[in-house]
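Colleague: Take a look at the letters that make up each chain.
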Amino acid sequence: MIRRRPKASRDEDLLAQADASLLELVDHVLNRGVVVTGDVVLGIADVDLVYVRLSALLCAADRVLGPPRNR
Amino acid sequence: MTGLYVYALVDSSLDAKLGTGIAGERLRLLTVGSATAVAGKMAQLPSISPHSLRAHDEIIRRVALASDAILPFRFGTMLATAKDLAEALSPRLGILLAALERTRGCDQMTLRLYAPATPESTRPARPALRDGGGRGTRWLRHRSTAYSLPELAVLREALSRCVHAEALELHDTPPLVASVFHLVRRSRLGDYGAEVAKLEPRLAPASVVATGPWPPYAFTELE
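Chains as they are written, first to last, in this note's numbering: chain H, 1 to 71; chain G, 72 to 294.
What the hints contain is simulated information worked out from the structure, not anything from laboratory work.
Only a predicted model underlies this, so the values are computations on that prediction, with no experimental measurement involved.
Treat the hints loosely; a few may be bogus.
Claimed, not checked - The calculated label-pair distances, taken between Cβ atoms and stated as ranges, are:
no., chain 1, residue 1, chain 2, residue 2, range
1, G, A275, H, V35, 33 to 43 Å
2, G, K269, H, V35, 35 to 45 Å
3, H, V35, G, A153, 15 to 25 Å
4, G, S105, H, V35, 16 to 26 Å
5, H, S21, G, A153, 34 to 44 Å
6, H, L22, G, G90, 31 to 41 Å
7, G, E96, H, V35, 19 to 29 Å
8, G, G104, H, L22, 29 to 39 Å
For glycine and all other residues, C-beta sits at the position ideal for the given N, C-alpha and C.
With the sequences and hints as input, model every part of the structure.
Modeller: Below, the structure written as structure tokens:
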């Protein structure tokens, strides 16, 4: 699953061309970022519960798909 | 529930056309103290789906391209009004502005470090109960042991000249042992990628999976 980035001529290309797996996307978008505490955010507080074992998922995916170097 | 869906805190100098958000809403800039937030009016929270997650990420990336510095908000951050947003951010606005400044000119690279299970004798031993001290002491010893993973030392030695800042998350789910997030200046991304490509023989039998560049999702607070 290693993302070997193509040689880009511009930094913007690097950012735009990133091709993330859904699991990586989930971790970055749902597990990180600025958190605003407040009643409204509690509306999706279950997100934290859903993804609390994300590291286990990343690990499981690795076992299913084989070592990264072989992919 | 109509409200403001907040995407990011950005440099106040951002003047690019922002386009539309997840729900097709027009994105706008909101002044929050000395900070600027990118937000859009939305009738209800978007449901969590691969499509909405990708849409959120794509908007953050689009804004990141137009701004030198960006702090992404977590998916699903929605407040009723701009006043509510200002009240929510104001208690730690100074910290957020410092974190925003730290991201200037940088992208995030993410490394997943995998290490095969090894005999206890080859890894620093976990502190046993008989080591004494309270539960807190033992926990701190364990964390200290984890932070001294030899693979992390290899990563840091190889990549330090390209890395502006690092965030680390340890995992108790082998073979995934750590996630390492690096803030890398955009001008150094090529060098960083070249160094990562050379890591494999130095890390064996451990391995590392690199993804990115990402907007700085893991650098939204100062340590």
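Colleague: List in ascending order the numbers of the hints, as given earlier, that are violated by the structure.
Modeller: 6
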